[in-house]
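Q: Got chain A; can you put chain B on it based on the hints?
Residues per chain, in single letters:
Protein chains: 2
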Amino acid sequence: MSGRLSVIGLGPAGADMRTPEAEAALAAASDLFGYGPYLDRVSLRADQRAHASDNRVEGERARAALELAASGASVAMVTGGDPGVFAMAAAVCEEIEQGPEAWRALEVSFIPGITAMLAVAAKVGAPLGHDFCAISLSDNLKPWDLVLKRLTMAAQAGFVIALYNVRSKARPWQLGAAFEVLRAELPPTVPVIFGRAAGRADQAMVIVDLAQADAEIADMATCVIIGSPETRVIERPGLAPLVYSPRSVGGTG
Amino acid sequence: MSGRLSVIGLGPAGADMRTPEAEAALAAASDLFGYGPYLDRVSLRADQRAHASDNRVEGERARAALELAASGASVAMVTGGDPGVFAMAAAVCEEIEQGPEAWRALEVSFIPGITAMLAVAAKVGAPLGHDFCAISLSDNLKPWDLVLKRLTMAAQAGFVIALYNVRSKARPWQLGAAFEVLRAELPPTVPVIFGRAAGRADQAMVIVDLAQADAEIADMATCVIIGSPETRVIERPGLAPLVYSPRSVGGTG
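Those protein sequences? They're chains A and B, same order as listed. So that you can map any letter, position 49 of the first sequence is 49 in UniProt numbering, and since no number is skipped, the others follow by simple counting. So that you can map any letter, position 176 of the second sequence is 176 in UniProt numbering, and since no number is skipped, the others follow by simple counting.
Keep in mind that the hints are not guaranteed to be accurate.
Sample of chain A residues at the chain B side, in silico, Cβ under 10 Å [what the hints assert, rightly or not]:
| no. | residue |
| --- | --- |
| 1 | Glu101 |
| 2 | Ile111 |
| 3 | Gly129 |
| 4 | His130 |
| 5 | Pro246 |
Hint data in this document are derived by calculation from the structure and do not stem from the laboratory. As the structure is a prediction and not an experimental result, all values here were calculated from the model. All residues carry an ideal CB built from backbone N, CA and C; glycine is no exception.
Excised from the complex, chain A in its bound form:
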């Protein structure tokens, strides 16, 4: 029997935001790998084994999963959101490229999920309704100067900007520095959305102007969306405002 590995996106919250395709891939696995809190979201059968790991050992976790799959097991790697957006899919590909030749012969599949920026956007309206970009604010894996260059160019190009990995205990200052750079490029009234734990019980959506954006509002579970100069806020009596980016720009449409 030849093994296989599925890299599965659980979405941002509970089973309500998880696709049947993801559920079927979870059910087909004998062994499930992942960061502990993501594995905790899955209900395992008695015949399924969990292999929980810490959140900063992606390479090690990917290698362990590939080794077990190569031995013939049906292995699942679970991630929050979508596996391909700042999650485990790239780490698995890196290890396949660098690992033993046998890993290239494995059946590997990637099961998409609702990534955080889509869940956050849906909770407040349609801030990603026009051209946008997604940037990881972590400087563990790229130089901070490159992050700043991308933020600056994204703002100058008129993209709405979704920020992932905005803050951790080891990276407390980066988000504030990002806001500083963006304030030099964008109008002070551009809406900023701090989207925490979208779809979960402890969800919190905070909408402020860029001028008032304070990095202290964010934590590890927060995805930050920074509007473009075109992004608008609709105030609604008795309801939360809607934030959206119009489909047309520059007077067309």
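A: Below, chain B without anything else, positioned relative to chain A:
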């Protein structure tokens, strides 16, 4: 009874890639609006009414749905992929902002879905594994010069680029022009993915170098992903290659 409107992402394919949250919102609706082929993907009960429309009347469709919701109905607006990514969510917000005051008092919700670039990325590996952007190639709603500016700056900033609305009968030349501009900015070996109908029976994934990228490969159902200079292709004996963008860049990590 006060009405409500749910703007629902059906995902890129069948029910297999649709969340339980989306299914529940569909089931709760008395009236469903949408572009005909998207409505055709939904199994309606006898007591549910379908209001199909053409694909270039977003504003009109949004107004009709809001009017019916304001009259007290439970209305669903269905879209392929995610409603917030180049789909109906922004059109609905535009009409709420410009429409009668009563529309601001409506209960409006947006239900996220798997957007095309995530589905295409998952089929080939992890091309969106590092910073990326999403650009609509349609110049119906923005000047073509702005599209070219964003393509150029996105390439210069090192983003992987996902292109939506790449081609239609009325817009046959834009994708070829986009490749021309990108060839001036990026190495000729950068991988380009033509991801057609991801997850559907007529799915087709084509991977070529930017130097060989031919707009004729694409049609209306195609999402195109253009790698960054860091994006890699892993050849696998007897299996389709994997395309991925490493998590680290610039020698870090």
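Q: Taking 10 Å as the limit, does the beta-carbon of Ile111(A) come near enough to a beta-carbon in chain B?
A: At 7 Å from the nearest chain B Cβ, Ile111(A) passes the 10 Å test, so the hint holds.
Q: Is the hint on Glu101(A) kept, meaning its closest Cβ partner in chain B is under 10 Å away?
A: Since chain B brings a Cβ to about 9 Å from Glu101(A), closer than 10 Å, the hint holds.
Q: Would the hint on Gly129(A) stand, with a C-beta cut-off of 10 Å toward chain B?
A: holds, 3 Å
Q: Could you check if His130(A) really has its C-beta closer than 10 Å to a C-beta on chain B?
A: Given a least distance of 7 Å, the restraint on His130(A) holds.
Q: Please verify that hint: Pro246(A), Cβ, nearest Cβ of chain B, below 10 Å or not.
A: holds, 6 Å
The structure shown violates none of the earlier numbered hints.
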